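2 protein chains.
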Amino acid sequence: MSKSFTSLEKTIDILCSFDMEHQDRSAYEISKHLNMPLSTTYKYLDMLLRKGFVSKDPDTKRFSLGLTIFKMGNLVAAKMTVLNIAAPHIYSLSKRSGETVILTVVHGWEALCVEEIESPKMVKLTIKRGATIPLHAGASQKILLAYQDDAFIDDMIKGRGLAVLNENTITDPAELEKELKSIRDQGYAMSDSEVDSGAGAVAAPIFDHRGKLVSGLTIAGPRDRICDNNRQKLIDMVIESAKRISSDLGYMKGTMTVW
Amino acid sequence: MSKSFTSLEKTIDILCSFDMEHQDRSAYEISKHLNMPLSTTYKYLDMLLRKGFVSKDPDTKRFSLGLTIFKMGNLVAAKMTVLNIAAPHIYSLSKRSGETVILTVVHGWEALCVEEIESPKMVKLTIKRGATIPLHAGASQKILLAYQDDAFIDDMIKGRGLAVLNENTITDPAELEKELKSIRDQGYAMSDSEVDSGAGAVAAPIFDHRGKLVSGLTIAGPRDRICDNNRQKLIDMVIESAKRISSDLGYMKGTMTVW
DNA sequence: AAAGATATTCTCATAATATGAGAAAAAATC
DNA sequence: GATTTTTTCTCATATTATGAGAATATCTTT
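Just so you know, the sequences run in chain order H and Z. First residue of the first sequence? That's 20 in my numbering, and the numbers climb one at a time after it. First residue of the second sequence? That's 20 in my numbering, and the numbers climb one at a time after it.
In case anyone wonders, no lab produced these hints; they're calculated from the structure. Everything numeric in this text was worked out from a predicted model, so none of it was measured. Hints are all accurate, no fakes.
You can't tell identical chains apart in this list, so a pair holds if it fits in one copy or across any two.
Taking lysine-lysine and the DSS-like style, the derived pairs with C-alpha atoms no more than 27 Å apart in a straight line are:
#, residue 1, residue 2
1, K98, K62
2, K197, K272
3, K252, K140
4, K29, K75
5, K252, K200
6, K272, K231
7, K51, K70
8, K75, K147
9, K114, K147
10, K75, K177
11, K70, K29
12, K143, K114
13, K272, K75
14, K70, K177
15, K197, K177
16, K62, K75
17, K98, K143
18, K177, K29
19, K98, K70
20, K98, K51
21, K80, K98
22, K177, K231
23, K197, K252
24, K147, K98
25, K114, K140
Model the full assembly from the supplied sequences, consistent with the hints where possible.
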């Protein structure tokens, strides 16, 4: 088995070496991080720079992701059906619940936040568009995992394990399996301090016209406001909104259709 | 001069072949568009697919840009200083003016919209984050061009020309030069149906701590509401907001500083 | 079901190009 | 002016990308 597409892979490695924690890096830093010869690293960076895939701060000489990627990212957003269709529903859910509302999709073995509307309250949960979280913890993540193939779930557990993210993170595969089954049975997911201490959330699934899960809709906030006797009301709300979005996406099951 | 980085260039070509008009493409289409052998095209697409740089619709078998790019795009947005600093000012300007407010930056030979807040009115100008427009037409574009090096402007005119985008587009280099000088003298730009018929706009420049132009701030809308006797008020507003943002970015000139 | 169209994968010999060490220049910093 | 850091350049060689075409799979239509 010979290597293939090494240069493409290197390019991708360079681009992927930028993340929330490393928003900019020097050429030297990248070269060390990927242990790639410095001269080679420069060649790649040059090319990427010319194409706008990375940019370079003239003061610090450090590189970061470029405007071409910003532009393309917006193109992805523009094309993302669920995002556009969900937008008005999310907005209304945010108003009615008064809490932060989050829309997530599966990306690799993680949940990716594709949209969020922050609660207007002073104490609230905040998450950024583009943030990613492992799929095994938190309502907005578990709701996505619950509707994946068994093979997917097995691979994920084998490949990445069930890391402890917080006090209540589920780390036992059997327990997770049970939890996911219960989510499917109920049609919604809940969490309490699984990712962040003091955070609570309720989430419901969004399906497309083929009945395939495309997204998770979540109401999240401080656990006191989510996990108290108010919870059932929030659950009803998030389920209803998710159903409407599914219906707008062409999902039929359980929808009153009038011809 | 031998070819270098052909594979990287091909990758970039593939990614760049997606735009607003071609949000998805089939492998065959891409192969024809770039005249690249089909088998080669598939190899690239495979790799890009595996890395999440493109995604593939299981129904139509067509490719589009993927979630990895979405995620990276959001990272660029998170890091973009001017965007974060300008956010509250833009919001307030939108409220006070009642019109659509746009933030643009230079990207290659184009203006790139990095943020926009739509007017709440029914008749309004709309532009999407990530949209690009040539630099020689429209207030939000000319304001950026006015503060570029002469060499940049010359290269652009030579390399790309001054295409007619609408009835009032400036297409004569000498006239453009005069217009840009007048923009610099006045400290703001105006436009009336240069890009879209019936659209008007006023724009002001935003400078960073080194005095370098980083962004253009624009109020845009139907020409009747922008280009009437109300215009001076809008100009004052947009200039004031732009100055505040510049000041927040560390720009000193012309700023009342109280120690 | 069969035929036709379309989409996708595979193989392999060869040409083409990516590679990286190290020297050296350029720029920033002390 | 000295020192550190950043950046560019060269070049011989091994490595890998290449693409035609055949084969297979998948979907569509009759």
